[in-house]
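> Please put together the full structure from these sequences, using the hints given.
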Amino acid sequence: MPADVAERAVPWWVRAVLWLAAAQALLLLLALVEPRSVNLLVPWPATPLNARFIASLYVALGVGVVLASLSSGFREMRIVLVGVGASTALLLVLTVVRMTLHPRELTTFPLFWLLFYVIDPALVGLVFLRLGWGAPGAPGPTPPRALWVVQAALFGTAGVVLLLLPAVARALWPWTITEPQSQLYSAFFLTLAVASLLAMRERSWAAVRWLVLMVALLALLVLGVSLVHLARFTSGGSTVVWMVVLVAEAIGCGGLFVALTVRDRSARHRSAAAAR
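In my numbering, the protein residues as written are 276 to 551.
Keep in mind that the hints were calculated from the coordinates and are not lab data.
All figures in this text were calculated on a predicted structure; none of them were measured in a lab.
No residue lacks a Cβ here, since even glycine has one placed at the ideal position from N, Cα and C.
Between beta-carbon pairs, the in silico distance windows are:
#  : residue 1 : residue 2 : range
1  : Trp288    : Leu389    : 19 to 27 Å
2  : Leu401    : Val371    : 16 to 24 Å
3  : Ala506    : Arg538    : 36 to 44 Å
4  : Pro385    : Leu502    : 29 to 37 Å
5  : Arg445    : Leu386    : 27 to 35 Å
6  : Ser541    : Arg476    : 19 to 27 Å
7  : Arg538    : His377    : 44 to 52 Å
8  : Leu386    : Ala291    : 19 to 27 Å
9  : Leu376    : Pro416    : 45 to 53 Å
10 : Arg379    : Val533    : 47 to 55 Å
Here it is, written out as structure tokens:
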């Protein structure tokens, strides 16, 4: 496998894979305004609060996928691609398991949901089969390694509890969620944990910047949704923890994105000036 694949021109079809995933995710942009629109994609019913939370997950992912698709190198796409593949594969498995164990849970057969989530991980797998992972890239400014350790632990723990212990997750969650929603949310949390572990290995800002932006955007969207529906929050202690984590993620990841983007651009300008 060519070692410099991360530096070479990205094939058009790789961008098309990302555009397909982004189109699906951004379908739920409307659900932030009109919660009933969540059923354009998601087959389970949801209250307005849960619908907007689901939309926040998808929209944050979709924005990151769009930006990754416009990047110049494969290095900037690969963690996002892993996120697309991991989340859709998990959602496919969870859906099939729930349909098997609870055959009357869904009132209609989720044809397009299943179709999308068979195609997406298969296409992501094809991308890595053809291109591999690529070179690590030249060292540059990156977020502190501790950030990714904390993110992986936070999202990983939450994801495992949501997936395997939905009753515990529902008791701890700051508002009312169903068991299917608990497991649906677990797919996104586990995906963020996997992405954070991969980000620990990266040496350049370009390789992780869209992940940092996605986490910051997700925190901002969920914070906004939480404030709109604050009356629906049922647990005081969980609500405080929830809000503190969201504010910390928004400020921490948002601030890092701005600071390291400026620093990276300055470093590149200095390198270009020195090369003249």
